[in-house]
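Enquirer: Here are the chains, one letter per residue:
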Amino acid sequence: MLKIRGLDKHFGPVQALYHVDLDIPPRQVTALCGDNGAGKTVLTKCIAGIYSIDHGEIFWEGRPVHIHNARDSARLGIETVYQDLALADNLDIVQNMFLGRERLRSGLLDEDSMERSAAETLSSLRVTTVKSIRQPVASLSGGQRQSVAVAKAVMWNSKLVLMDEPTAALGVVQTRMVLDLIGRLRDKGLAVMVISHNLNDVFEVADNIAVLYLGRMAVQDKATNFDRQSVVEYMTTGGLGRSSGRPAKEG
Amino acid sequence: MADPLKRAEITDNVAADLTAAAPEAAVAELPPEVVAQSLGEYVRGYVARIRAGESGVLPVVMAMVAIVVVFEVISPNNVYLSPGNLVNLFQQSAVIMVLAMAEAFALVLGEIDLSIGFVGACGAAITVQLIQPATTNWPWPLAVLAGLLFCVVFGAIQGTLITRLHLPSFIVTLAGYLVANGLFLKILLFGPFSGYPNLTGQSDNLHFIYNLMWGTIDPIVSWIGAAVVVAALGGFIWFSDSRRRKSGLVAPPASLSLIKIGLIAVVAIVVVGICNLNRGVLIVQEGVPWVIPIVIAVLAAWTVLLGRTKYGRYLYAIGGNPEAARRAGINLSVVRTAAFMLCSFTAGIALLLYASYLNGMSNNVQAGYYVLYAVAAAVIGGTSLMGGRGKPLHGVLGGLVIGAIYNGMYLLALSFEWQYIVTGLVLLAAIIIDAVSRRGSASGSVTRI
Ligand SMILES: Nc1ncnc2c1ncn2[C@@H]1O[C@H](COP(=O)(O)OP(=O)(O)O)[C@@H](O)[C@H]1O
Ligand SMILES: [Mg+2]
Chain A
1 MLKIRGLDKH
11 FGPVQALYHV
21 DLDIPPRQVT
31 ALCGDNGAGK
41 TVLTKCIAGI
51 YSIDHGEIFW
61 EGRPVHIHNA
71 RDSARLGIET
81 VYQDLALADN
91 LDIVQNMFLG
101 RERLRSGLLD
111 EDSMERSAAE
121 TLSSLRVTTV
131 KSIRQPVASL
141 SGGQRQSVAV
151 AKAVMWNSKL
161 VLMDEPTAAL
171 GVVQTRMVLD
181 LIGRLRDKGL
191 AVMVISHNLN
201 DVFEVADNIA
211 VLYLGRMAVQ
221 DKATNFDRQS
231 VVEYMTTGGL
241 GRSSGRPAKE
251 G
Chain B
1 MADPLKRAEI
11 TDNVAADLTA
21 AAPEAAVAEL
31 PPEVVAQSLG
41 EYVRGYVARI
51 RAGESGVLPV
61 VMAMVAIVVV
71 FEVISPNNVY
81 LSPGNLVNLF
91 QQSAVIMVLA
101 MAEAFALVLG
111 EIDLSIGFVG
121 ACGAAITVQL
131 IQPATTNWPW
141 PLAVLAGLLF
151 CVVFGAIQGT
161 LITRLHLPSF
171 IVTLAGYLVA
181 NGLFLKILLF
191 GPFSGYPNLT
201 GQSDNLHFIY
211 NLMWGTIDPI
221 VSWIGAAVVV
231 AALGGFIWFS
241 DSRRRKSGLV
251 APPASLSLIK
261 IGLIAVVAIV
271 VVGICNLNRG
281 VLIVQEGVPW
291 VIPIVIAVLA
301 AWTVLLGRTK
311 YGRYLYAIGG
321 NPEAARRAGI
331 NLSVVRTAAF
341 MLCSFTAGIA
351 LLLYASYLNG
361 MSNNVQAGYY
371 VLYAVAAAVI
381 GGTSLMGGRG
391 KPLHGVLGGL
401 VIGAIYNGMY
411 LLALSFEWQY
421 IVTGLVLLAA
431 IIIDAVSRRG
441 SASGSVTRI
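In the order they appear, the protein sequences are chains A and B.
Using this note's numbering, read the first sequence as starting at 1 and increasing by one per residue.
Using this note's numbering, read the second sequence as starting at 1 and increasing by one per residue.
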């Protein structure tokens, strides 16, 4: 679905990503792991078009593409749920889900139709704990906010959803809620890339695991080929200490 | 070496503790009209919100009652509630109301515009100068357009400086205030009017501007007009609410829609009724002043703009979370600059009404502290200084409160010293209300637009 080859990205003197290769297959959940500062967020933002890439190629469904801004990635069907969610607290759930893509009827906002679509999307994801979809986002719990951000991302016929640390700020119950949600996205036929350094979560939802280490892709493979210990090792050493060597996947 | 797995789990737990308290705190904060299925639930929700500090218009109404009672008791001969004074109070409030609706554009963004008093005054002075038969003698529509155009351009310059150069709006508009103040005094000096171009004289253009405040509508016509407005608004509320109820969308219970419509009708009857009492001393003087439908028109236009258009939605989004707005593909600088232009434009209307009220423009115009009245009015009405929350209706309600105080001080013939002190205290009280109501709610401002 999405293929990245040789991606470089630097900020001034800081080289955030070196020659990163990444494959995100369709209808599967790919987990991107790595210690803090490994470059996971930067990689996500490069795919989403927030940052421009220095070198490297991105292939979408086999074709090379150039993503210069958030609209480009949205046009391809890539939606991103950022670490900070970027919801406007003062707006309600419907208003947030349609922010920037409001529907109009004779020049004015078509609230009824937007509310209906938002309700459909939320119930298709079985997000049912919110009391009313007209409540302001400020009044939601962390898990509910995450659900709204995800629902916002999947409403636009998106094919790939990128999620940056969706469970980092959540408690046990709310984490459960979000992991279930990720499973449901896969069941709907979407590709998902989820960033996490909580290995419980990773092993629960991921079909594939990729590990970034100091801006390099240390390894990428099927989740079943990893165990906890090996992932931790890749995260902390980049796999240098491993003798058997599951080589960082090329091509 | 630290085990990253363990570290990750620890941060998870801390975060879980931090967020655990949020859901309970949030319950009281829900706008009752969003979750209530019946009137009883609505009332309970409303009471819960007041307890949580999210009190809506209730404090405004209570403040209003208290102010009216106090001034009625202490005003000389109890003239405060006489029809003549009440109409005068509406007229004085109208200027503050429109200026507060202007300020709302800046406040919703979390910015402030201190310049609008004198920017509006410049616009109004330009209009008054241009229609003078002794000099240019422009037709009033052109002169009004020229005045408002000045305001829009001034707002555009300030808005551009604030948004493109990332300068604080407080300082830019403070500078704008001084510049506009100087320009205003310059504009007054044109022509043979010794700094006091006024609206007395035989000219349709002068009459028209004078009538903005002092012209009245025939009582019969005003009753018919009020009936039409109430019927149209009531019909709109009723049909859109019941359509939403039928299609299972979030909507207030039917009884609440009826109460809303009833309230609008009562306000209309009271206002039109008061205005149609004879308030003349020697001659019959009655009728609704033009300024009331003018204020209603501004209120309607800006309510639709802010509540029902993409532009309005983007304004609130930027006020609530600029980063979210940016990522949603909203062009922040365009929306924000336009807000400062709309702000100055509306202030132009407000000060034109003021010119009409004063029968001309002179250096007695207290445009500087009218801005403070406007900010206080918006905040008292429920607009937040922190951005993201506010409606044109807040300016109208708060404007009435401020107008009531202003009018009362005027009746008591309070000296300027005391007027300044009271103005300052009122502004302070408004900010305290804003801060307290924000602390009461769990996180920031909540609004149903
Ligand atoms: N906008 C930026 N400007 C400069 N350096 C940045 C920027 N964003 C990220 N970096 C750097 O890139 C590296 C990777 O960061 P990031 O992708 O946020 O890590 P993480 O894997 O924890 O998400 C860090 O060293 C960070 O300091
Ligand atoms: Mg990150």
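Bear in mind the hints are in silico, worked out from the structure with no lab data behind them.
It is possible that some hints are incorrect.
Which bits of chain A does chain B cover? Going by a derived footprint, with three or more residues having C-beta under 8 Å, they are [as the list claims (entries may be wrong)]: (1) 104-112; (2) 181-191.
Within a straight-line C-alpha distance of at most 25 Å, the following computed PhoX-like cross-link-like pairs (lysine-lysine) qualify [to be verified]: (3) A:131 - B:186; (4) A:3 - A:131; (5) A:45 - A:3; (6) A:131 - A:45; (7) B:246 - A:222; (8) A:159 - A:131.
Beta carbons: idealized from backbone N, C-alpha and C, even for Gly.
Enquirer: Now tell me if each hint is right for this structure.
Expert: Going through the hints against the structure:
1. 104-112: holds (count 5)
2. 181-191: violated (count 0)
3. A:131 - B:186: violated (59 Å)
4. A:3 - A:131: violated (40 Å)
5. A:45 - A:3: holds (15 Å)
6. A:131 - A:45: violated (33 Å)
7. B:246 - A:222: violated (50 Å)
8. A:159 - A:131: violated (29 Å)
Consistency note: the structure conflicts with the earlier hints numbered 2, 3, 4, 6, 7, 8.
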